[in-house]
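The task is simple: from the sequences and hints, build the whole structure.
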Amino acid sequence: MNLVSRGALISSDLAASQEIARVTGEYQNHHMILHEGKTSHTFISGAGPHLVLFVKVLSEIPLGWSRKYVREAVSKIEEIIGARAKRSGKEMGFDKNGFQDKLDHALEDLWSK
173 MNLVSRGALI
183 SSDLAASQEI
193 ARVTGEYQNH
203 HMILHEGKTS
213 HTFISGAGPH
223 LVLFVKVLSE
233 IPLGWSRKYV
243 REAVSKIEEI
253 IGARAKRSGK
263 EMGFDKNGFQ
273 DKLDHALEDL
283 WSK
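In my numbering, each residue's number is its place in the sequence shown (first place is 1) plus 172.
Treat the hints with care, as some may be off.
[What the hints assert, rightly or not] Straight-line alpha carbon distances no greater than 20 Å define the calculated SDA-like cross-link-like pairs of lysine to any residue that follow: (1) Lys228 <-> Val195; (2) Lys228 <-> Thr214; (3) Lys248 <-> His222; (4) Lys228 <-> His203; (5) Lys228 <-> Ala180; (6) Lys210 <-> Trp237.
Just so you know, the hints here were simulated from the structure itself, not pulled from any lab data.
What you are looking at is a predicted structure, and each value in this text was computed from that prediction instead of being measured.
Listed below in C-alpha coordinates is the structure:
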(Lines of atoms letter the chains of each structure in order from A and count residues from 1; the text may use other names and numbers.)
(Lines give C-alpha, C1' and ligand atoms only; values in the text may rest on other atoms or scores of the structure.)
Protein backbone atom coordinates (compact mmCIF):
# COMPACT_ATOMS: atom_id res chain seq x y z
CA MET A 1 0.00 0.00 0.00
CA ASN A 2 1.44 3.36 -0.92
CA LEU A 3 1.93 6.24 1.47
CA VAL A 4 -0.95 8.36 0.16
CA SER A 5 -3.47 5.50 0.42
CA ARG A 6 -2.32 4.63 3.92
CA GLY A 7 -2.55 8.27 5.01
CA ALA A 8 -6.04 8.62 3.55
CA LEU A 9 -7.28 5.52 5.39
CA ILE A 10 -5.72 6.56 8.69
CA SER A 11 -7.05 10.12 8.57
CA SER A 12 -10.54 8.99 7.51
CA ASP A 13 -10.60 6.48 10.40
CA LEU A 14 -9.84 9.30 12.84
CA ALA A 15 -12.36 11.65 11.20
CA ALA A 16 -15.11 9.01 11.35
CA SER A 17 -14.40 8.29 15.02
CA GLN A 18 -14.44 12.00 15.84
CA GLU A 19 -17.80 12.41 14.09
CA ILE A 20 -19.27 9.42 15.95
CA ALA A 21 -18.05 10.96 19.22
CA ARG A 22 -19.58 14.31 18.28
CA VAL A 23 -22.95 12.78 17.36
CA THR A 24 -23.09 10.73 20.57
CA GLY A 25 -22.06 13.65 22.77
CA GLU A 26 -18.66 12.19 23.65
CA TYR A 27 -16.46 14.57 21.65
CA GLN A 28 -13.17 15.64 23.26
CA ASN A 29 -10.20 17.61 22.00
CA HIS A 30 -7.95 14.54 22.12
CA HIS A 31 -9.05 11.32 20.43
CA MET A 32 -7.17 8.06 20.35
CA ILE A 33 -8.25 5.01 18.40
CA LEU A 34 -6.98 1.54 19.28
CA HIS A 35 -7.14 -1.39 16.88
CA GLU A 36 -6.21 -4.63 18.63
CA GLY A 37 -4.66 -7.32 16.47
CA LYS A 38 -3.36 -10.82 17.04
CA THR A 39 0.33 -9.90 16.70
CA SER A 40 0.24 -6.11 16.96
CA HIS A 41 -1.94 -3.18 17.97
CA THR A 42 -2.25 0.19 16.26
CA PHE A 43 -2.99 3.55 17.81
CA ILE A 44 -4.28 6.50 15.81
CA SER A 45 -4.35 9.91 17.44
CA GLY A 46 -4.68 13.48 16.29
CA ALA A 47 -1.51 15.50 16.89
CA GLY A 48 -2.60 19.07 16.44
CA PRO A 49 -5.15 20.32 13.93
CA HIS A 50 -3.35 19.04 10.82
CA LEU A 51 -1.40 15.92 11.84
CA VAL A 52 -2.29 12.34 12.71
CA LEU A 53 0.05 10.03 14.63
CA PHE A 54 -0.08 6.34 13.66
CA VAL A 55 1.76 3.97 16.01
CA LYS A 56 2.05 0.20 15.69
CA VAL A 57 3.22 -1.86 18.70
CA LEU A 58 3.65 -5.58 19.31
CA SER A 59 0.75 -7.22 21.12
CA GLU A 60 3.08 -8.30 23.96
CA ILE A 61 3.52 -4.66 25.02
CA PRO A 62 0.92 -3.69 27.65
CA LEU A 63 -1.79 -1.45 26.19
CA GLY A 64 -1.68 1.01 29.10
CA TRP A 65 2.06 1.52 28.67
CA SER A 66 1.69 2.00 24.91
CA ARG A 67 -1.22 4.39 25.36
CA LYS A 68 0.78 6.47 27.85
CA TYR A 69 3.71 6.88 25.46
CA VAL A 70 1.47 7.66 22.48
CA ARG A 71 -0.19 10.41 24.56
CA GLU A 72 3.25 11.78 25.51
CA ALA A 73 4.35 11.77 21.86
CA VAL A 74 1.17 13.61 20.82
CA SER A 75 1.72 16.18 23.56
CA LYS A 76 5.31 16.81 22.45
CA ILE A 77 4.31 17.06 18.79
CA GLU A 78 1.58 19.57 19.64
CA GLU A 79 4.09 21.59 21.68
CA ILE A 80 6.51 21.71 18.74
CA ILE A 81 3.75 22.58 16.29
CA GLY A 82 2.51 25.34 18.58
CA ALA A 83 5.98 26.89 18.74
CA ARG A 84 6.43 26.58 14.97
CA ALA A 85 3.00 28.04 14.22
CA LYS A 86 4.12 31.33 15.72
CA ARG A 87 6.83 31.61 13.06
CA SER A 88 6.13 32.54 9.47
CA GLY A 89 6.58 30.10 6.61
CA LYS A 90 9.41 32.23 5.27
CA GLU A 91 11.31 31.97 8.58
CA MET A 92 11.01 28.18 8.47
CA GLY A 93 12.28 27.94 4.89
CA PHE A 94 9.00 27.01 3.21
CA ASP A 95 9.58 29.52 0.43
CA LYS A 96 12.94 28.09 -0.65
CA ASN A 97 13.25 26.12 -3.87
CA GLY A 98 13.18 22.37 -3.41
CA PHE A 99 11.35 22.33 -0.07
CA GLN A 100 8.60 20.05 -1.41
CA ASP A 101 11.17 17.67 -2.92
CA LYS A 102 13.08 17.51 0.36
CA LEU A 103 9.86 16.79 2.24
CA ASP A 104 8.86 14.06 -0.23
CA HIS A 105 12.28 12.39 0.06
CA ALA A 106 12.20 12.56 3.86
CA LEU A 107 8.78 10.89 3.97
CA GLU A 108 9.83 8.18 1.52
CA ASP A 109 12.96 7.50 3.58
CA LEU A 110 10.85 7.25 6.72
CA TRP A 111 8.49 4.64 5.26
CA SER A 112 11.14 2.62 3.41
CA LYS A 113 13.22 1.80 6.50
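Hints, one by one, checked against the model:
The hinted pair formed by Lys228 and Val195 fails the criterion: a straight-line CA distance of about 28 Å is larger than 20 Å. For the given pair, Lys228 sits about 4 Å from Thr214 by alpha-carbon distance, which is consistent with the 20 Å threshold. The hinted pair formed by Lys248 and His222 meets the criterion: a straight-line CA distance of about 15 Å does not exceed 20 Å. Proximity of Lys228 to His203 is assessed by CA-CA distance (about 16 Å); at most 20 Å being required, the pair is judged to hold.
Of the supplied pair hints, the one linking Lys228 and Ala180 holds, its CA atoms being roughly 17 Å apart against a limit of 20 Å. Annotation: proposed proximity of Lys210 to Trp237 holds, straight-line Cα distance about 18 Å (limit 20 Å).
Consistency with the previously given hints fails for number 1 only.
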